[in-house]
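> Protein sequence lines, in the order shown, are assigned to chains G and H.
Quick note: the first sequence, position 197, residue 197 per our numbering, numbers continuous.
Quick note: the second sequence, position 241, residue 241 per our numbering, numbers continuous.
Calculated directly from the structure, the hints in this document are not laboratory data.
C-beta atoms are modelled at their ideal positions from N, C-alpha and C, and glycine is treated no differently.
Treat the hints with care, since some could be wrong.
Non-contacting residues of chain G with respect to chain H, defined by C-beta distances greater than 12 Å in every case (computed) [stated by the list, open to error]:
1) SER8
2) ALA44
3) GLU119
4) LYS126
5) GLU130
6) THR137
7) SER176
8) LYS214
9) LYS244
10) GLU257
Keeping only pairs whose Cα atoms sit at most 25 Å apart, straight-line, the calculated DSS-like set for lysine-lysine is [claimed, not checked]:
11) G/LYS169 <-> H/LYS93
12) G/LYS143 <-> H/LYS281
13) H/LYS112 <-> G/LYS112
14) H/LYS194 <-> G/LYS112
15) G/LYS165 <-> H/LYS93
16) H/LYS112 <-> G/LYS94
17) H/LYS93 <-> G/LYS47
18) H/LYS194 <-> G/LYS194
19) H/LYS194 <-> H/LYS169
20) G/LYS93 <-> H/LYS194
Number of protein chains: 2
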Amino acid sequence: MSTLCVPSHVPSVAEDCEQLHKAFSGWGTNEGLIISILGHRNAAQRKLIRQVYAETYGEDLLKALDKELTSDFERVVKVWTLDDAYLANEATKKWTSSNQVLVEIACARSPKELLLAREAYHALFKKSLEEDVAHHTSGDFRKLLVPLVSSYRYGGDDVNLILAKSEAKILHEKISAKEYSCDDIVRILSTRSKAQINATLNQYKNEFGNDINKDLKADAKDEYLSILRATVKCLVNPEKYFEKVLRLAINRQGTDEGALTRVVATRAEVDMKIIKEEYQKRSSVPLDKAIAKDTTGDYENMLLALLGHEEEA
Amino acid sequence: MSTLCVPSHVPSVAEDCEQLHKAFSGWGTNEGLIISILGHRNAAQRKLIRQVYAETYGEDLLKALDKELTSDFERVVKVWTLDDAYLANEATKKWTSSNQVLVEIACARSPKELLLAREAYHALFKKSLEEDVAHHTSGDFRKLLVPLVSSYRYGGDDVNLILAKSEAKILHEKISAKEYSCDDIVRILSTRSKAQINATLNQYKNEFGNDINKDLKADAKDEYLSILRATVKCLVNPEKYFEKVLRLAINRQGTDEGALTRVVATRAEVDMKIIKEEYQKRSSVPLDKAIAKDTTGDYENMLLALLGHEEEA
């Protein structure tokens, strides 16, 4: 479901590093060369490149990117090269209630991926992700977000339908009473497996008529409700969630490059194929065309490379 | 710091399994043989024995122990052979507010060990530890226990002293206001690293005069406060905590075999040497002597084997 194109014959890591180093050297930077390498390597390969680059040139690749690249192009190359631990750390530092990055990392990754990000967080920042989230948030947001980022859900498909029925009822009662941040809603969304939550939300719809997210829209401007809806979508339907983030980023007055970059860089290797299909269905325009229309230069080229678009070299 | 004695020359796993199988066979069970094997193998060896036993005899070793052993001896051999995931699962099912097993598993293990227990929990029970804890508890207990068992603390020694000072102040304010289950106390105890919490509690004592646990004793009979004190002790001074559990288990009218078994079986391989020293300092009687006086037969022999006591074969 990835849109990333890795060539069938990949150069050695040493060669990749040498080429990257060359791209940074001399007068001006060779952005095309950077895209042709980094835009066509998977996560494991990129990790290895960072490691060998640092060993060979005594400088973190990230530092080199910092120095050589600018603005949106720099950002997309960096988000693509970094891992979730960095994104999460950044999000804890500039937390605003509308920041959904933490929800995405906590809910749209597999339980194992979230765990690896937490492990990387320890190594990089000498503290835990959850303590930073807890420290930088408050009130209802903290109540929901700390358990979400601390979760290590069961990852299997086993589902308990009796439980799904009873918890659908609990959710409906609490939502009807507008107790959106009550213990039960937080508990169900932050501890149950994705398969179990999916079953519960199906029961919810069967039993009470509405998608839960429709019932969570009582006040469309309430930031906590919007985070709650993002949580639900990232858990049970991440492709639809990301399609909408992309659509809003592209359609609004003045493209939201931050969101565009984040979604393309974090989903290209996961489910971007499906996101593209969803986008086309919903907007009647291919995603690459829409992005090409809204962006330019190296930034555009990098995004399109990640979307699997053939480059006009 | 372990009291477990593993012989310098350990028989092959196949031999161990054969001997165990022999111990279960025929008329009567050879308890001495079981102790001489299982009482002298480390966790990795016991795990391998269970695996090979199942492959060789088509029966889980646990089932065999179930059938052949009884009462306290059965319990100590099983707790010793099982891992934390089982103990935790048992604890979620028969939760009473005085049950401190979950606190011990969440706080007296290393962050990595807790994580491995959660992973084993997924595999064994097809759900997460935290969802079971959340489902079976309520109120203040749930508020504290779910984040504790969900924690994946930073495990390093780095400490932020400014943070320690400010959080010591927060703890003191909340405790003075008797807000024992407030967000801040739960957040600090469930997300900060053990080294950081230790620094914070040192600040607390320097600044406000008392050990925090003294201030958490406002009502000695309050079950939530007692769980909170256990949390603090398991985090910063597990040996003292377990020494006291042992001391109370032995000294009370009618030994508390449940607690005795749990502490010996879960700490023999961790810090039992220190616990023994603490016990002797505090009670002026060696722990082995005290246990030998309070227990009999195979149960006594197994406990003493785990305490590193030379067996009088």
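> Any hints this thing doesn't respect? Which numbers, in order?
3, 4, 5, 6, 12, 16, 17 and 18
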